[in-house]
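Student: Heads up: the sequence shown begins at 11 in this note's numbering, then just goes up one per residue.
Watch out, some of these pointers could steer you wrong.
[Stated by the list, open to error] Cross-link-like lysine-lysine pairs, in silico, PhoX-like; alpha carbons within 25 Å at most:
1) K360 with K254
2) K63 with K254
3) K462 with K303
4) K226 with K88
5) K470 with K301
Hints are computed from structural coordinates only; laboratory data are not their basis.
Keep in mind it's a predicted model, so treat the numbers as computed, not measured.
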Amino acid sequence: MSSPPQQENTSPDSKDEESRHLLTAPLPQSTSPLINGDADDGEEEFAYGSGEKIHVVEFDSVPIDGVDYSTVPPFSWKKLWQFTGPGFLMSIAFLDPGNLEGDLQAGAIAGYSLLWLLLWATVMGLMIQLLSARIGVATGRHLAELCREEYPRWAGLLLWFMAEVALIGADIQEVIGSAIAIKILSRGVLPLWAGVLITASDCFLLLVLENYGIRKLEAVFAVLISTMALSFAWMFGDAKPNGKELLAGLLIPKLSSRTVRQAVGVVGCVIMPHNVFLHSALVQSREIDLKKKGQVQEALNYYSIESSFALLISFMINLFVTTVFAKGFYGSEQAGSLGLVNAGQFLQDKYGGGLFPILYIWGIGLLAAGQSSTITGTYAGQFIMGGFLDLRLKKWLRALITRSCAIVPTIIVALIFNRSESSLDILNEWLNVLQSIQIPFALIPLLTLVSKEDIMGTFKIGPTLERVVWTIAVLVMVINGYLLLDFFVSEVNGLLFAFLVCAGTAGYIAFILYLISHGGGNVANWFNLLRTKGYSYAGQ
11 MSSPPQQENT SPDSKDEESR HLLTAPLPQS TSPLINGDAD DGEEEFAYGS GEKIHVVEFD
71 SVPIDGVDYS TVPPFSWKKL WQFTGPGFLM SIAFLDPGNL EGDLQAGAIA GYSLLWLLLW
131 ATVMGLMIQL LSARIGVATG RHLAELCREE YPRWAGLLLW FMAEVALIGA DIQEVIGSAI
191 AIKILSRGVL PLWAGVLITA SDCFLLLVLE NYGIRKLEAV FAVLISTMAL SFAWMFGDAK
251 PNGKELLAGL LIPKLSSRTV RQAVGVVGCV IMPHNVFLHS ALVQSREIDL KKKGQVQEAL
311 NYYSIESSFA LLISFMINLF VTTVFAKGFY GSEQAGSLGL VNAGQFLQDK YGGGLFPILY
371 IWGIGLLAAG QSSTITGTYA GQFIMGGFLD LRLKKWLRAL ITRSCAIVPT IIVALIFNRS
431 ESSLDILNEW LNVLQSIQIP FALIPLLTLV SKEDIMGTFK IGPTLERVVW TIAVLVMVIN
491 GYLLLDFFVS EVNGLLFAFL VCAGTAGYIA FILYLISHGG GNVANWFNLL RTKGYSYAGQ
């Protein structure tokens, strides 16, 4: 049971204490039975407990009677530093081994010509992630919890299943990426399956780090991102790419029929379904009083700044990888056969040893990318499972369950596909398709819920922004639809398999249309109007 509300203390000492902290009030308790369900420990399920949240201190000591909490206080570098962290954890999904493989293939096959698309894809990804942060800050609940509340139980369970499938697919790529890096750095002594087992231990590393507080966890990720940045920047310096061609690739849009598949991959990598759920939970690690609109807006402003900076760094890292492979392999015979497994050796053959062999620089960067993304995957899994299923489990047990859900199939996959590089490439193609299928089931709930006034209050997005983000969402879904169509046309053989794919596609589209029509907002109203007109025409 929740504790009864406390009477406000209006003593001078209380006012002094409140004046020293800007964001000290606990999040308001929800009256929804879905939030306040019975639990063994009697506590409500939140992304972070009240003792885990970071207090953002009000450095300008203004008497409490003179504070207008409906307005946003002046910008403060110290406050920005205290809000810095969640955006960098979110940015890891833009740097996972799957993205790095997409970067190196885009560079090798398309040269510098897709750098402009990488830039704008990152901007689109930023807009989606800012909406995820917005819904988490403004409601005090993360996306998985809101989906459980807003959709019927069958739809909520189906969304949970889709999110778990996407997470498992991403985790397999990330774990195998780490295992490849371990194999490189051990000079082949440790096989792929051993690297998978070593990477699986990140679950326990996460639990250890969490015990020391969220800031310590964020610091570890800062070290991992710095490791990636230094490693790939070193490679960029060794490769010495052409500055004019690089700048032209960034500023001049160019796309040919030969590079369409790589372009689709670049755009498809910016939206990771589990990352949309994750960011809405991470932003709740700072204590915010939802009753004070100025504090909420201030938090949104700081999160927007730090997320933009985090994705700028991730863009630079992706740029480094793409240009290194564009410089070394564009137009070469090896361009079509490059992948994570053989990229290090190709780099070594192309650029040589130098002061520090580029093979091991690549391995260090890849290991940092894989290890950081698997830890955030475990983190996301806790929020997804806890939010959708309303689980009240100890952190160590929930982390163990979510890690096991991904690591068991990953070990099986590593053993099966460890026979050749081509088999791992086939696996990667299927995993990309698996994650592409799940994208609508993260985007549509996010965009519909962030547009609803009864959920967001005054922080719901306006009509213009709603049109912009829906345009981005439709663009991403169409591009991924092209990828799926291209893949299935080339891979689907046999009448029975074709029938199953068609039946699954029909159910898939039907569920997407249901999510849009159920969501409310301008887009849902427009869609329902079209459907009503369609019925009326059909009845005539």
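Student: Given the hint that K360 pairs with K254, does the C-alpha gap stay at or below 25 Å?
Tutor: Measuring from Cα to Cα gives roughly 22 Å; hence the hint holds.
Student: Measure nothing beyond the straight line between the CA atoms of K63 and K254; if it is 25 Å or shorter, mark the hint as holding.
Tutor: Not satisfied, since the Cα-Cα distance of roughly 47 Å exceeds 25 Å.
Student: Given the hint that K462 pairs with K303, test it: the Cα-Cα distance must not exceed 25 Å.
Tutor: Roughly 17 Å between the alpha carbons, so the hint for K462 and K303 holds.
Student: Hint check: K470 vs K301, CA-CA at most 25 Å. Holds or violated?
Tutor: 15 Å, holds
Student: Below or equal to 25 Å on CA atoms is what counts here, so check K226 against K88.
Tutor: Answer holds: K226 to K88 is near 18 Å, not above 25 Å.
Checked against the numbered hints above, the structure violates only hint 2.
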